[in-house]
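Visitor: Listed below are the residues making up each chain.
2 protein chains.
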Amino acid sequence: MTLDQRIGANLPVRSGSDSHRLPIGSFEPELGGRLDEVSLAYETWGELDASGTNAVLVTHALTGDPRAAGGADESHKRGGWWEPVIGPGRPIDTDEYFVICSNVLGGCAGSTGPESPDPETGRPYGMRFPTVTIRDIVRAQKRLLDGLGIKKLAMVAGGSIGGQQALEWPIEFPDFVEKSLVVAATDALGPQGLGMSEIGRRAITADPNFQNGDYYGTGKTPDSGLSIARMAGMMTYQSAECQSERFGRNSATSGRSRMENPGGTFDVECYLQYQGNDLVGRFDANSYLYLLRAMDLYDAARGYSSLEEAFERIRAEMLFVGISSDWLFPARDVEATAEVAAKAGAKAKYVEMESINGHDAFLKDWDEFNAAISPFLERG
Amino acid sequence: MTLDQRIGANLPVRSGSDSHRLPIGSFEPELGGRLDEVSLAYETWGELDASGTNAVLVTHALTGDPRAAGGADESHKRGGWWEPVIGPGRPIDTDEYFVICSNVLGGCAGSTGPESPDPETGRPYGMRFPTVTIRDIVRAQKRLLDGLGIKKLAMVAGGSIGGQQALEWPIEFPDFVEKSLVVAATDALGPQGLGMSEIGRRAITADPNFQNGDYYGTGKTPDSGLSIARMAGMMTYQSAECQSERFGRNSATSGRSRMENPGGTFDVECYLQYQGNDLVGRFDANSYLYLLRAMDLYDAARGYSSLEEAFERIRAEMLFVGISSDWLFPARDVEATAEVAAKAGAKAKYVEMESINGHDAFLKDWDEFNAAISPFLERG
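Going down the list, the protein sequences come from chains R and X.
Counting with the working numbering, you get residues -16 to 363 for the letters of the first sequence.
Counting with the working numbering, you get residues -16 to 363 for the letters of the second sequence.
Bear in mind the hints are in silico, worked out from the structure with no lab data behind them.
For clarity, every value in this text was computed on a predicted model and none was experimentally measured.
For glycine and all other residues, C-beta sits at the position ideal for the given N, C-alpha and C.
Treat each hint with caution, since some may be false.
Unchecked claim - Mimicking SDA-like on lysine to any residue, the simulated pairs with C-alpha atoms at most 20 Å apart in a straight line are:
no.	chain 1	residue 1	chain 2	residue 2
1	R	K203	X	N192
2	R	K203	X	Q194
3	X	K203	R	N192
Claimed, not checked - Calculated Cβ distances over 12 Å to all of chain X for the following chain R residues:
no.	residue
4	S9
5	D78
6	G208
7	S210
8	S357
As the list claims (entries may be wrong) - Restraint-style ranges between C-beta atoms, simulated for each label pair:
no.	chain 1	residue 1	chain 2	residue 2	range
9	R	Q194	X	P100	35 to 41 Å
10	R	G200	X	K347	45 to 51 Å
11	X	N195	R	E228	49 to 55 Å
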């Protein structure tokens, strides 16, 4: 069976993406429920070698998609989200590696998620979609990799909720992963992050257009709720310092705000409105709720007697990258996670990226990020 | 005219408060508009001396009310919000001072605000209420104090938006104020605070029950919007450290959450839900919007060529109190404000309260707070 035969039909997916899609069969999420037919959307760069061991899995962030690499086009006007990191001669070198990025289970960029039709009823799952966890997401990815003939991951790499996946991979499949790059993520989100998620969740579910998740085809989508949730998210992705530098108390450029505020609109308000609205056009509110919950619920120790016991399973070489100004997954917490991993016997190192750009720095500060990860990526 | 004659009728006010209410005439807010009949609700403790100069004005926080002191009763089950600070023999000693606390202009605890009837139409103002600023709030308070026969403030004291008022007082009325105690406030809120306010504002105005502010008498109030706004506020009042200590990733006690979340409800989620819902019962959503905006818009430099020029007006002795873990008005920003005041010639000192309790510590950590302010309160 050639690779092309193994790849599913190119079904239409959100935002005109040209991802491939591979059926991975039925799936039973760890917290219950069952999905009868699951497909994952993915994109790849480079060539899988004959041994099937030169693959790198790149895992996307909350609202990300499989377009990790590649230049700008109609559907991705700013190019792949890790474009400066992945490519020929880049830190994740596609001359050497077969790079794959899949939309997560529960997502809305081509993989089976809440907006997919339930094969039993033909109607979109909506909130009947089962709760999925980071472990479920990783297990589904493993099936995809198996389907693509990948025998071993040379590396798994991702940031934020993608970092949680990169951490879960060598715990769940210790013999399958050689290296794991965990960026801006810890073994479990703290209460501040949980609290901000809750604000977003309440905003979406309180939107009258939400209709308990059954808004598909009604012509009404919970746009304002999703927009507010995104605004809450954006606050956790930025640092006080970068907001001070970028926005301060400046007034919004005239005419740019969607909603003028009494006494004049501040730049930061206009920015949040823009970001909120921008997500509405490209993301499904139900998917947002499910993936947010996966992030909230992730606890690497779940199912083990302790975090140490979970980490004792790791055979992969690990690099944890903390971002000095990260509010969502504070650098000191990333470092603490790395320390537990090292204590549990994992070959785990920690490196801190100095940046004022907060959680999002791994999607922005390319020079600093590439400098932080490059030593780890050199083949031994 | 005796004091009692000057005091207006005891009109019914929110939550069964037994505040007095004093008409202060018509009022023109600095950003435009006009209010024809304004009253302020207030409570007092202690006696005004013959010279009218032993008065202390205490200014409340965003969702506070005039009940600053006094023990618990039906309407205030936990007693006055600064009860351990104000009373006979307490730091603000009512054996010595005549203490007054008034509900702010725009508030909903008895003072003229958006839910008051517009005398022209007889209908509640709603969003037709003019934008009010901290300076307006202070100017209205001055009229109240004049009406009560107060000749000079021995001190003005408050935290958060109350601290903004305590800072504005000696700028706006330099000859009227002997001491100013500014707690957990700066000359202007930073972009993170502005951003969190914007999330709350959008949540309220997106609530279909908001009806552009005209929800009075409709039987529908924007409860879920106000609740989400309060949740966003609570996030800014607490520190990562206190949330970690208090909530961590603990599960909510069974049955306590109003809204169960997939995979189980975290304690911090339950807490935020509770706080959000609690405010709904005791606060008007329009007032919340107006007071939030007053906090956002406050800029002590407004109307002056610089902050220094504004601060050069100050004759009062100032104490700025920062809270080490404050996220909304970070201690370093409070200190920086104090430094500018001192540089501008004000007798300004700064003291920092060590607390993990975040912005709210001035309403919680009584021993630390009283220790921080007591030296400043001793009569020279």
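Visitor: Against this structure, judge whether each hint is valid.
Guide: For each hint, the structure was consulted:
1. A hinted pair counts as satisfied when its Cα atoms are at most 20 Å apart, and K203 (chain R) with N192 (chain X) qualifies at roughly 17 Å.
2. A C-alpha spacing of about 19 Å is found between K203 (chain R) and Q194 (chain X), which places the hinted pair at or below 20 Å, so the restraint holds.
3. Only pairs whose Cα atoms come within 20 Å are accepted, and K203 (chain X) paired with N192 (chain R) is accepted, the gap being roughly 18 Å.
4. In this structure S9 (chain R) is separated from chain X by more than 12 Å, as the shortest Cβ-Cβ distance comes to about 21 Å.
5. The beta carbon of D78 (chain R) sits about 42 Å from the closest Cβ of chain X, which is more than 12 Å, so the claim that it is off the interface holds.
6. Listed as a non-interface residue, G208 (chain R) fails to keep its Cβ farther than 12 Å from every Cβ of chain X; the least gap is roughly 7 Å.
7. The Cβ of S210 (chain R) does not lie farther than 12 Å from every Cβ of chain X; its closest approach is about 7 Å, which violates its non-interface assignment.
8. In this structure S357 (chain R) is separated from chain X by more than 12 Å, as the shortest Cβ-Cβ distance comes to about 31 Å.
9. For Q194 (chain R) paired with P100 (chain X), a C-beta distance near 37 Å keeps the hint of 35 to 41 Å intact.
10. The supplied range of 45 to 51 Å is met by G200 (chain R) and K347 (chain X), whose beta-carbon atoms lie about 50 Å from each other.
11. Range check, N195 (chain X) to E228 (chain R): about 36 Å between beta-carbon atoms, so the 49 to 55 Å window is missed.
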